[in-house]
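Novice: Below are the chains, spelled out letter by letter.
2 protein chains.
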Amino acid sequence: MILSPARRLAATRAVLLPEHKPGGTRGMVLEAALKLFAERGYAGASIREIADAVGMRGASLYAHYPSKEHILAELCRIGHEEHRRSIQRALLECGADPRDQVVAYVHAHVAMHAQFTMLAVVANGELHALSSELGATTFALRNQSIQTLEDIVQRGVDHGVFHVAHVWLAAAAIGAMGMRVAYWYTPEFDLSSRQVAEVYAEFALRLLGAAAPARKETS
Amino acid sequence: MILSPARRLAATRAVLLPEHKPGGTRGMVLEAALKLFAERGYAGASIREIADAVGMRGASLYAHYPSKEHILAELCRIGHEEHRRSIQRALLECGADPRDQVVAYVHAHVAMHAQFTMLAVVANGELHALSSELGATTFALRNQSIQTLEDIVQRGVDHGVFHVAHVWLAAAAIGAMGMRVAYWYTPEFDLSSRQVAEVYAEFALRLLGAAAPARKETS
DNA sequence: GTCTATATGAAGATAGAC
DNA sequence: GTCTATCTTCATATAGAC
Chain A
1 MILSPARRLA ATRAVLLPEH KPGGTRGMVL EAALKLFAER GYAGASIREI
51 ADAVGMRGAS LYAHYPSKEH ILAELCRIGH EEHRRSIQRA LLECGADPRD
101 QVVAYVHAHV AMHAQFTMLA VVANGELHAL SSELGATTFA LRNQSIQTLE
151 DIVQRGVDHG VFHVAHVWLA AAAIGAMGMR VAYWYTPEFD LSSRQVAEVY
201 AEFALRLLGA AAPARKETS
Chain B
1 MILSPARRLA ATRAVLLPEH KPGGTRGMVL EAALKLFAER GYAGASIREI
51 ADAVGMRGAS LYAHYPSKEH ILAELCRIGH EEHRRSIQRA LLECGADPRD
101 QVVAYVHAHV AMHAQFTMLA VVANGELHAL SSELGATTFA LRNQSIQTLE
151 DIVQRGVDHG VFHVAHVWLA AAAIGAMGMR VAYWYTPEFD LSSRQVAEVY
201 AEFALRLLGA AAPARKETS
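In order, the protein sequences belong to chains A and B.
Going by this note's numbering, the first residue of the first sequence is number 1, and it counts up by one from there.
Going by this note's numbering, the first residue of the second sequence is number 1, and it counts up by one from there.
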């Protein structure tokens with residue numbers, strides 16, 4: 001599989017769930033901005049292009065958002081909230097075994113990056129364009145999610161079920177392989193987002209030097 | 001370790017080897033552009049800012065490059081040439097064992113992303129801003145490097161030393177974890193770029209379901 | 001090769017009519 | 001809420017003097 005290097009990401013549709021999306025025109029503006037920011041980057045997309053995509057004039061956007069940066073801030077916040085929410089939910093549903101927790105985390109992490117490719121590309125890749133004021137919520141969510149993975153790996157090492165000398169590096173590697181999924185995944189890919197998530201969870205366990213999770217042995 | 005989300009990458013210095021860098025003012029322009037493109041993105045950095053960093057006026061840049069896009073094209077080409085060169089060299093120095101080859105590849109891949117962080121961030125992350133004309137050489141190099149890793153993994157599976165059901169996914173995951181290194185590595189990190197490369201090579205072998213490379217057993 | 005001056009257009013954002 | 005018209009600044013790039 002060779003990706004087109006001319007495109008920043010393979011996906012062509014901006015996906016925002018109803019729960020992410022404000023109602024009415026504001027939601028359409030947000031979705032149009034998501035697609036443009038994902039494809040061209042925040043700095044490479046203009047207010048007028050966003051407005052065009054919604055079928056209005058640039059000036060009309062300011063009835064919905066006070067600035068371009070506020071649109072980016074909302075997208076980044078939604079992306080990181082969805083990420084954190086799905087991870088927290090997955091962790092609540094699994095037991096205390098660090099292997100189960102890594103599987104749950106990577107499942108949620110990868111599935112999110114495959115299902116919401118554009119949201120992930122923008123929320124991860126355009127963070128640097130956010131001022132500390134408008135990005136505060138997002139930055140906090142991001143740090144929490146990163147710390148959670150590191151904690152899981154550290155606990156697995158402490159319990160003797162993971163075998164890595166450098167916990168932070170392992171967490172960084174696992175996080176990285178999931179993040180990249182957003183750039184190549186499309187619904188037309190051979191495997192579903194869930195299947196990709198399962199393969200990557202197995203990769204993560206292997207990387208950590210773990211055997212199959214305990215749940216497999218006890219069932 | 002918590003990264004500052006306000007910065008696109010942790011490194012603060014643009015590194016270009018003498019062999020990458022054109023002589024004279026052209027080289028200074030290229031290096032200044034590298035730093036700005038890495039930190040703000042291609043679209044987010046202006047000709048005037050690049051010129052300022054070199055201590056000249058924007059108009060003077062056009063004595064060295066015909067357009068902003070030509071500067072990006074040269075940076076992307078240099079980055080992918082360095083990447084490909086280091087991988088090819090590493091592969092020539094190792095044997096025919098797919099395990100050795102994965103170690104050689106990941107060593108080179110990760111070391112390059114740690115030593116030339118800004119070059120990697122720009123060459124990977126700003127490719128989408130290149131027209132197909134100016135990006136042709138870079139696109140070809142990139143596809144070659146990706147294909148090489150996939151070939152190594154496939155061969156290892158065929159030889160029975162790797163055990164993965166989805167070769168492309170494994171190659172994508174290994175490539176991804178290395179690419180991300182460019183965003184967090186700095187010379188102040190606890191480990192040297194070589195040490196990080198070695199840890200990641202071990203991660204890759206584990207991910208592939210391989211034992212330690214053959215060379216370890218025969219020495 | 002670098003400068004000043006400038007062409008030309010596009011950027012983000014606002015004012016005020018409807 | 002959306003429009004037209006506009007402000008102001010900045011963008012890439014060129015012309016031509018030195």
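By construction, these hints were calculated from the structure, which means they are not laboratory data.
Hints should not be assumed to be uniformly reliable.
Note that the list lumps identical chains together, so a pair holds whenever it fits in one copy or between two copies.
[Said to hold, decoys possible] Derived SDA-like pairs: lysine to any residue, alpha-carbon spacing no greater than 20 Å straight-line: (1) 68 with 43; (2) 68 with 46; (3) 68 with 157; (4) 68 with 176; (5) 68 with 40.
As the structure is a prediction and not an experimental result, all values here were calculated from the model.
Novice: All hints are to be evaluated individually against the structure, with a verdict given for each.
Specialist: Results for each hint:
Taking the closest pair of Cα atoms, residue 68 and residue 43 come within 20 Å of each other both inside a single copy (10 Å) and across two copies (15 Å). For a Cα distance limit of 20 Å, the shortest separation of residue 68 from residue 46 qualifies both inside one copy, at 8 Å, and across copies, at 19 Å. Proximity of residue 68 to residue 157 under the C-alpha cut-off of 20 Å is found in neither arrangement, the shortest distances being 44 Å within a copy and 49 Å between copies. For a Cα distance limit of 20 Å, the shortest separation of residue 68 from residue 176 qualifies neither inside one copy, at 28 Å, nor across copies, at 30 Å.
For the homomeric pair residue 68 and residue 40, the shortest alpha-carbon distances inside one copy (14 Å) and between copies (16 Å) are both at most 20 Å.
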